[in-house]
Amino acid sequence: MPGGRLPILGALTAAALGTAFGLVFFYAPIDADQGFVQKIFYLHVPLGIVTLGGFVGGAIMGAQFLRTRDRRWDLRSYVAIHLSLVLAVGVLATGSIWARASWGHWWVWSEPMLVSFLVVFLLYCCYQPLRFAIQDPDLQARAAAAFAVMAGAFVPLNFVAVRLAEAVTHPRVLSATGGQMPGAMRLTFVAGLLAMALLYVLLWRLELLRKTTAIELRALRRSLDERTTSSIQSFAAADQRPTLH
Amino acid sequence: MPAIPLDEPGAYVAAAYVIFVVLLVLYVAVMARHITRTREDLRRLADTFREDG
Chain A
16 MPGGRLPILG ALTAAALGTA FGLVFFYAPI DADQGFVQKI FYLHVPLGIV
66 TLGGFVGGAI MGAQFLRTRD RRWDLRSYVA IHLSLVLAVG VLATGSIWAR
116 ASWGHWWVWS EPMLVSFLVV FLLYCCYQPL RFAIQDPDLQ ARAAAAFAVM
166 AGAFVPLNFV AVRLAEAVTH PRVLSATGGQ MPGAMRLTFV AGLLAMALLY
216 VLLWRLELLR KTTAIELRAL RRSLDERTTS SIQSFAAADQ RPTLH
Chain B
9 MPAIPLDEPG AYVAAAYVIF VVLLVLYVAV MARHITRTRE DLRRLADTFR
59 EDG
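Same order as they appear, the protein sequences are chains A and B.
For the first sequence, my numbering begins at 16 and goes up steadily by one.
For the second sequence, my numbering begins at 9 and goes up steadily by one.
Hints were generated in silico from the structure; no laboratory data involved.
Certain hints may be false.
To give an idea of the chain B side of the interface with chain A (calculated C-beta under 8 Å), a few residues [to be verified]: (1) Pro17; (2) Ala24; (3) Val33; (4) Ala37.
Calculated pairs, EDC-like style, for lysine to aspartate or glutamate (alpha carbon to alpha carbon, straight line, at most 20 Å) [said to hold, decoys possible]: (5) A:Lys226 - B:Glu48; (6) A:Lys226 - A:Asp153; (7) A:Lys226 - B:Glu59; (8) A:Lys226 - A:Glu126.
Glycine included, C-beta positions come from ideal geometry on N, C-alpha and C.
Extracted from the complex, chain A is given alone in its bound form (with noise of 0.2 Å):
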């Protein structure tokens, strides 16, 4: 994966954040509703979204693995779900620290959208120790793309089974008419979730330029390992072959 651009998508993920958190600070109205701690919402939701987009992305990355047999769909799939289980534990330390100023709990049971959430993440939580007890590298891909395309159907599916159900106290801040949002407010997650989705893409294509390196640089030390070896079986035969006086 060539990695020409990756400075310019790093230039504009820095000045993206930078503006966004300037907006939610300097210029997004402080909600009428919850105060100041709303200002939460901003950070929570965009990665939320980013989170389960990542995951989403991930099963779809799996999906075309499968299809095509490429491994680099395969990586493409695992760098996705990696990154964004790390992200996940943003989303779930974040929405607790809102929950706890907002609810007074660091945790609600009974809300939906909080055990969803972390249903998925447990999930995702089982999709390293499944691709790494399995020592064939084919086998390994295989059933990583098969469980990936499984669990990110779940996602979906799932967020459309929460929002579908009546919520206890977790806030219905997007619809499909954009939620009851004053436009600065709007313009301000706008700004966040385009921050985020760059953040991820920029993280996402790093590790992947990461480990691309890493495997082409293992898979040439293996090629000189073998050459050496070659190299010194020949020598040591043309040792025992005999002379001719």
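Using the hints, position chain B against chain A.
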């Protein structure tokens, strides 16, 4: 007025954003460690090639 008020809601908001930044920094640090290891492997491989002539 500061960007983050120094009361209880301000502390919660600050905590959420700090956790996000810490997570990001940790992730980048782990990636940097792996990149350093890959560079060391590459240097060792280059040394092996040089020794072989």
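Structure-based check of each hint:
{"no.": "1", "hint": "Pro17", "verdict": "holds, 4 Å"}
{"no.": "2", "hint": "Ala24", "verdict": "holds, 4 Å"}
{"no.": "3", "hint": "Val33", "verdict": "violated, 12 Å"}
{"no.": "4", "hint": "Ala37", "verdict": "violated, 12 Å"}
{"no.": "5", "hint": "A:Lys226 - B:Glu48", "verdict": "holds, 15 Å"}
{"no.": "6", "hint": "A:Lys226 - A:Asp153", "verdict": "holds, 18 Å"}
{"no.": "7", "hint": "A:Lys226 - B:Glu59", "verdict": "violated, 27 Å"}
{"no.": "8", "hint": "A:Lys226 - A:Glu126", "verdict": "violated, 38 Å"}
Hint compliance for this structure: hints 3, 4, 7 and 8 are not met, and every other hint is.
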